[in-house]
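A.B. asks: Below, each chain spelled out in residue letters.
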Amino acid sequence: MKFWAVRFGSIGLAVLVSFGIGMIAQGSSGTVSRLLALAGLYVTLAVSLNLINGITGQFSIGHAAFYQVGSYTAAFLASILLSRGVISNLGTPIPWVLVAVATSLVTAGIAGLFIGLPSLRLRGDYLAIVTLGFGEILRIVIQNTPQLGGSYGINSPKAFVVPYVWMLTFLCVGVCRNLLQTAHGLSFLSVREDEVASSAMGVNVTRVKVAAFVIGSAFAGAAGALLTFNEGFINVNSFTMDVSFIILTMVVLGGTGSVTGSIVAALTLFILPEVLRDAPAMPLNAVLGTLAGIALLVGTIRLAMDHKGLGRSIWMPKTYIGIGIAVAGGIVVSVLANCLPALANRTIPSAELRMVIFSAVLVIMMLLRPQGIFGVRELGLKSFFRRANA
Amino acid sequence: MPDPILSLQNATIQFGGLVAVDNVTFDINPGELFGLIGPNGAGKTTCFNLVTGVYKPTSGNILFKGKVINGIPPHKVAKLGIARTFQNIRLFGALSVLDNVVIGGFLRNQTNIFASMAYLPGAIRETERLRDQAMALLEVMDLADEANGRASDLPYGKQRRLEIARAMATQPDLLLLDEPAAGMNPQESEDLMNTVRKLRDDFGKTVLLIEHDMKFVMNLCERIVVLDHGEEIARGVPVEIRSHPEVIKAYLGEAC
Ligand SMILES: Nc1ncnc2c1ncn2[C@@H]1O[C@H](COP(=O)(O)OP(=O)(O)OP(=O)(O)O)[C@@H](O)[C@H]1O
Ligand SMILES: [Mg+2]
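So the protein lines, in turn, are chains A and B.
Just so you know, the first sequence maps onto residues 1 to 390 in the working numbering.
Just so you know, the second sequence maps onto residues 391 to 646 in the working numbering.
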């Protein structure tokens, strides 16, 4: 049957690609291998949070908490297996890794159920506060539980999990895309669009919200388990609020609701700081000048968008005047900065520069494309074909 | 006399000091075109909210097909067979016109969420079935050409028709229309009148509608109840209502 051929074909392809990425990781340095694993984990986290925030419209901002639940579940399981002599310190065999992933999926899902059930019944942004609070409580509880390593952290025998990370990523993306192609997925979207109308149409709004929340949390938990075996050591600092906010930024930047957007934004936001890590130190006045120039340029584009729509006005003389003003403004700021004794002849080290660039990109995005890179659209084979046919 | 499909028995709801619906009692028979009218703030929409489970009556009862449905949550009321449209249009704006109607049909969906997550043949078939049903309803509501457009991009009149299509997709026995002709031009509301009549004649729906457009109500409805300040002030067939002194007073008192 064609249907099943396509289905198993695509599953096979996903597995193959995962092992391909695994082979690349194996052949490269430890750093690159670790980055390949983390990239997959971040895509999974962003796509699973997108199911909750973007598709179902529930504002959850503590996704790292469920990542943490999964990670610590796996670490705890590993410590039991270790003490029983089932696994050794040399490494965790893959079957046990998979058992841990499944267990973490369940525990994080259950945590999601317990957090979601009471807070999703309430209206407004209670969920945001509760998820954030849950993360903080979890951190403090773990810090005070010696069995979980307390504030030091917990060691687990490592395993080479890169292929499984990517399989999880493909699974998570696949599940979200599948859902969106069925009436079930539409009922999730309807809750985002209008809860009152959804329930009048017979959609059990609470159930949909809880389902989205549990599925999203479960995927984050599974990702956490893989993190444990990839790193070999975890502590509460791996799951701070910063991590939650990065994941949230990925979802917003990608375009709330767009699975493709979440993937692209997750990869970009993950890779960008890593690439910039090796950037050379820059003179302060040059950085300030560039920022000022960009700000002026963005302002001009924003004005053009508000008045005429970007497409039509981009080649008009006004555009060149705008660019000219931006360049001139940048140079002026740069020269002025060098005249001020407090700012002259300073440099910004690369570690801080990357944060400046990171923030600038976010601000520019929010000004020029507040709906995110992809808006609510998806990119896939179908949309390519549709365009080709049209 | 058949058993009424919907009965309000001394239905009352109070918001703080305000009695929005005060001791309202009426029966609607299966297949009727029933009008609920009254000046602004009379409590008409609140009656819809009571029937659909958005609010629970402070006292009194609401019966659907002989069963008390007070306090049953909206999604269950919809499943029992009552569907509504909204006075202040509440479409799923970012979704396509077709998807809006598909969601209306989702409550009779037969597959579970795991089948949808795995995109199993059963879930695909079910979605296809709902899509076909939705397309047929768009046909009836004269919206088939707009099926793939964004719901929020539709002109006002068509948005109102789409709300009806979406409500019809839940396969209701009783259809509640809250000011379906509001904002329509005379031609559009004429067309709508014929469509609503068709929903009753060809699809066997019972229709309860709120409308300020008197021509629309008087031409379409077979019986009418008039509310003012939450209380019933008149009831009867259109000719009786048109000349009813209380009704004239209520509407004149509103100076419109
Ligand atoms: N949730 C609520 N809380 C407080 N007061 C409410 C609530 N809902 C409705 N009311 C009040 O109840 C009264 C009746 O409102 P309702 O919306 O039912 O009027 P209506 O007959 O539909 O009027 P219109 O023709 O303007 O739509 C109004 O005074 C309104 O302010
Ligand atoms: Mg009203």
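Take the hints with a grain of salt, since some may be wrong.
[To be verified] Pulled a few chain B residues facing chain A out of the computed Cβ check, cut under 7 Å:
(1) Arg474
(2) Val492
(3) Ile503
(4) Met507
(5) Gly512
(6) Ala513
(7) Arg515
(8) Leu520
[What the hints assert, rightly or not] Derived Cβ-Cβ restraints for the label pairs, each shown as a range:
(9) B/Asp535 x A/Gly12: 40 to 50 Å
(10) B/Leu470 x A/Asp125: 30 to 40 Å
(11) B/Ala508 x A/Val17: 17 to 27 Å
(12) A/Phe3 x B/Leu408: 53 to 63 Å
(13) B/Ala508 x A/Gly20: 17 to 27 Å
(14) A/Gln143 x B/Asn430: 52 to 62 Å
(15) B/Gln477 x A/Thr319: 42 to 52 Å
(16) A/Arg7 x B/Pro392: 32 to 42 Å
Calculated directly from the structure, the hints in this document are not laboratory data.
Quick caveat: nothing in here was measured; it's all calculated off a predicted structure.
Cβ atoms here follow ideal geometry from the backbone N, Cα and C, with glycine treated the same way.
A.B. asks: Hint by hint, note whether the structure agrees.
C.D. replies: Cross-check of the supplied hints:
Given hint, B/Arg474 at the interface with chain A, holds; its Cβ is 6 Å from that chain's nearest Cβ, closer than 7 Å. Proximity of B/Val492 to chain A holds as hinted, the smallest CB-CB distance being about 6 Å (cut-off 7 Å). Interface hint status for B/Ile503: upheld, as the beta-carbon distance to the closest one in chain A is roughly 5 Å, under 7 Å. A least Cβ separation of about 5 Å between B/Met507 and chain A falls short of the 7 Å threshold, and the interface hint therefore holds.
Among the interface hints, the one on B/Gly512 is violated; its C-beta lies about 10 Å from the nearest C-beta in chain A, farther than the 7 Å criterion. Residue-level restraint check for B/Ala513 holds (minimum Cβ-Cβ distance to chain A is 5 Å; threshold 7 Å). A least Cβ separation of about 10 Å between B/Arg515 and chain A goes past the 7 Å threshold, and the interface hint is therefore violated. For B/Leu520, the suggested interface contact is upheld, since its CB lies about 5 Å from the closest CB of chain A, less than 7 Å.
Range check, B/Asp535 to A/Gly12: about 41 Å between beta-carbon atoms, so the 40 to 50 Å window is met. Separated by about 32 Å at the C-beta atoms, B/Leu470 and A/Asp125 satisfy the suggested range of 30 to 40 Å. Distance hint check for B/Ala508 and A/Val17: the Cβ-Cβ separation is about 20 Å, which falls inside the suggested range of 17 to 27 Å. For the pair A/Phe3 and B/Leu408, the beta carbons lie near 58 Å from each other, so the given range of 53 to 63 Å is met.
In this structure, B/Ala508 and A/Gly20 meet the distance hint of 17 to 27 Å, their C-beta atoms being roughly 24 Å apart. A hinted range of 52 to 62 Å holds for the C-beta pair A/Gln143 and B/Asn430, which are about 60 Å apart. In this structure, B/Gln477 and A/Thr319 meet the distance hint of 42 to 52 Å, their C-beta atoms being roughly 46 Å apart. A hinted range of 32 to 42 Å is violated for the C-beta pair A/Arg7 and B/Pro392, which are about 51 Å apart.
Of the numbered hints given earlier, the model fails hints 5, 7, 16; all others are met.
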